[in-house]
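Construct the complete structure from the given sequences, taking the supplied hints into account.
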Amino acid sequence: MRYWVVGEFGSGDEAKKALRRLRELGYAKDALDAFSPYPVEGLDEVLELKPSPVRWLALLAGLGGAAFAYVVQWWTNAVDYPLNVGNRPPHAWPAFVPITFETMVLFAALTIFFALMFLYRFPRPHHPLFELESFRTASTGGFWVSITTETREETEPVLGHLRELAAKKTSVVEEES
Amino acid sequence: MAEGQASETPTRDALEPLPLIAGAQSAESLTGSLLSPLQRKAGRVWWALFFLTLGGTGLFALAITVTLVRGIGAWGNNIPVAWAFGIIDFVWWIGFGHAGTLISAILVLFQQKWRASVNRFAEAMTLFAVMQAGLFPLLHLGRPWVFYWLVPYPNTMKIWPQFKSALPWDMVAITTYLLVSLMFWYLGLLPDLAAARDRATTPRRQFWYGLFSLGWTGSARHWHHWRTGYLLLAGLATPLVLSVHTIVSFDFAISLVPGWHSTIFPPYFVAGAIFSGIALVLTLLLPVRGPLGLNHVITDKHVDILAKLLLATGLMVSYGYLQEHFFAWYSGDEYEMAAYAFKRSGTWGWIFWLQMVTNVLVPHLFWFAKLRTNLVVVWFAALAVDVGMWLERFTIIVPSLAHDFLPKSWEHFSPTWVDFGLLFGSMGFFGFLFLLFLKFVPPVPISEVKELHHELKEALEEKAKRERTESALREKEA
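Chain order of the listed sequences is A and B. Just so we're aligned: 170 in the working numbering is position 170 of the first sequence, and the numbers increase by one with no gaps anywhere. Just so we're aligned: 126 in the working numbering is position 126 of the second sequence, and the numbers increase by one with no gaps anywhere.
The set of hints was computed from the structure by calculation and includes no laboratory data. Be careful, since some hints might not be right.
Distance condition first, Cα-Cα at most 30 Å in a straight line; then the derived DSS-like pairs of lysine-lysine [claimed, not checked]: (1) B/K465 with A/K17; (2) B/K457 with A/K17; (3) B/K465 with A/K168; (4) A/K17 with B/K463; (5) B/K113 with A/K50; (6) B/K301 with B/K439.
Note that the coordinates shown come from a computational prediction; the quantities given were computed from them, not determined experimentally.
The structure is reproduced here in C-alpha cells:
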C-alpha cells in the first residue's frame with residue numbers, strides 16, 4: 001500500500017519553493033514529485049534529476065543505424081550481387097550516403113520515442129492521482145507537489161508541512177497495489 | 001501567477017508593436033479557449049466542407065482504382081514524358097510538408113518563441129502532405145503492389161534493390177520523414193491530449209483522450225525526459241527536412257536530362273519547398289483561426305512573420321531561377337540552352353511566365369508592413385504561391401522531358417482526367433484529414449502557449465523591476 005500526499009500551488013515557482021523546503025526537511029528525492037501543465041524551469045535541479053539517458057541511447061542508435069544501412073548497401077550491391085551499370089563501381093560510396101543518413105535519423109528517432117515510452121512505462125492510462133477530481137488541474141493550470149509514503153500514519157505530518165507551505169488544496173490518495 | 005485571475009499579457013514594447021498573445025489571458029483561460037474547438041459541436045460549415053472533401057477523397061479513390069486496374073497508361077504519360085503529373089504532385093505535396101518541420105523543429109533550435117502557436121498546425125499539415133506525397137511514387141511504380149521489392153530482404157528471387165538508383169533513396173527518405181514527423185507530432189501532443197482528457201465533458205471523450213494521452217500526468221520527471229527527447233527529435237528533424245528535399249532533387253539532378261542535371265537543385269528545391277509550405281500554412285491558417293476562436297494566440301504578428309518568411313524564401317527561389325537560366329547560358333551547352341529556351345517560349349511558355357508572376361513578383365508585396373497584415377492580400381498571395389509552386393514543378397519536369405537531345409524523340413504531353421483526378425482527389429483527401437484534425441486534436445499546442453504566456457509575463461515583470469531600480473538610482477543621483 002502506498003499513499004500519495006498532494007498539495008496544489010498557485011505557480012511553478014511556489015511549487016519549486018515548496019519542493020526545496022521539503023528536501024530540506026529530509027524527504028528523499030525519490031518520494032517527491034511535481035505535476036505541472038508545462039515544464040517548470042529549475043525543477044530538475046531541486047529533484048536532482050540526472051540528465052536523461054535518452055541522449056546516449058539516441059546517439060548509439062543513430063550510429064548503429066548508419067552502420068547497418070551502409071553495410072547492407074555495400075554487401076548487397078558490391079559483394080553479394082554486384083551490378084555493373086554504366087561501369088560505375090559496385091562499391092559507389094557517394095550513392096550510399098543518402099540512405100545511410102536517413103536510416104541514422106530513423107533509428108535515432110525511433111529509439112528516442114520508444115525509450116521515452118519505456119521510461120514512462122507508457123501506455124499506463126491509470127494513475128492513482130487520477131482518482132482525485134481536483135488533480136485534473138495538473139494538466140490545465142495547476143501546479144501540484146506530491147510526496148509518497150508507505151503508511152497512513154506518515155501522511156499526517158506531510159499534510160501539515162504542505163499546509164504550512166501554503167498549498168491551496170491538499171489531499172491524500174491511497175494507491176491500491 | 002494566480003490561477004483563474006485574468007492578468008494583462010505583456011505586449012508593450014516599442015520593438016514589438018504586435019502581440020504574440022492578445023488580450024488578458026491566464027493559464028486557465030488559455031486552456032479553455034484552446035480546447036473549445038474540440039468541445040464544440042461541428043458547425044454547418046464544417047459539415048459542408050467535410051462532405052466536399054469526402055467527395056474529393058472518393059474521386060481520389062476512383063482515380064487510384066483506375067490506375068491500378070488499367071495501369072499507368074491511364075495517365076497522360078508517354079515516352080519521352082514518362083514522368084509527369086505523378087512526380088509533379090509528389091514533389092508539390094512533399095514540399096508543402098517542409099514548412100511544418102521548419103516551423104516546428106528549426107525554430108525550436110533557434111528558440112523562436114512565436115512558433116508555439118502555429119507549430120501544431122504546421123506539423124499536422126506536414127503529416128498529411130507527406131501521406132499524399134508518398135502515394136504518388138508508389139502509384140508511379142506501375143506495379144505498386146510489389147513496392148516492397150525496394151526493401152532489402154532475402155527473397156526467393158535472390159535479388160537485391162539497386163541502391164545506386166534514386167528510387168530506394170526516395171522510399172527511405174519518405175518513410176523516415178513520415179515516421180519522424182509523426183513521432184515528433186505525437187510527443188508534442190501528449191500533454192495537450194491529457195488536458196483534453198481532464199477537461200472532457202462526456203465519458204466518451206474522456207475515454208478516447210485518456211487512451212491517446214497514454215496516462216500523461218505532467219510529472220516533473222516526465223517533463224525532464226520529454227524536454228530532452230523533444231529537443232533531440234527537433235535536432236534530428238532539422239537535417240532530415242533538408243536531406244529529404246535534397247534527395248527529391250537528386251531524382252532529377254543525378255540524371256543527364258538537360259534542365260535537370262544541375263548542382264543548384266538541392267538548395268533550390270529546399271528553398272522552394274519551404275516557400276510553398278509557408279504559403280500553405282497561411283492559406284489554411286487564415287480562414288480557420290477566426291471560426292476556431294484562435295485570434296488571440298495566432299495574432300497578426302504571426303501572419304506578419306510568416307509573410308516575411310514567404311518573402312525571404314521567395315527571394316531564394318527567385319535566385320534559384322536566375323541561377324538555372326544563367327548557368328544554362330554560361331555553360332555554352334546548346335542542349336541545355338535549348339531546353340531553357342523551350343521552357344521560356346515553347347508550348348508551355350505561358351506556364352513558365354505565370355510561375356514567374358506568382359513565385360517571383362507576388363512575394364515582393366511583403367516588403368510593405370501594411371500588406372503583410374492585410375489578411376486578404378496575404379491569403380491571395382499565399383494561394384498564388386501554392387499554385388505557382390505546382391507550375392514550377394511542371395516546368396521543371398515536363399518541358400525537359402518532352403524536349404531533350406533528339407528532335408526525333410520530342411513528344412507533346414497532355415494530361416488525362418485520371419491525372420487531374422489524382423491531383424484534385426489528393427487535395428480532397430488532404431482537406432478531409434485536415435478537417436478531422438481540426439475537430440479532434442487541439443490545433444494549437446496548449447502547454448507551449450501557456451509556457452510562452454508565463455515567460456512573457458515574467459519578462460515584463462523583470463523589465464518593470466529593472467525600470468524601478470533604474471529610476472530609483474537616478475533619483476538618488478539627482
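So, going through the hints one by one against the coordinates:
Proposed proximity of B/K465 and A/K17 is supported: the alpha carbons are some 21 Å apart, at most 30 Å. Distance check on the hinted pair: B/K457 and A/K17 sit about 19 Å apart at the alpha-carbon level, within 30 Å; holds. The straight-line distance between the Cα atoms of B/K465 and A/K168 is roughly 27 Å, inside the 30 Å bound, and the hint therefore holds. This hinted pair checks out: A/K17 and B/K463 have alpha carbons roughly 23 Å apart, not beyond 30 Å.
Taking the CA atoms of B/K113 and A/K50, the gap is about 27 Å. The hint holds against a cut of 30 Å. Distance check on the hinted pair: B/K301 and B/K439 sit about 25 Å apart at the alpha-carbon level, within 30 Å; holds.
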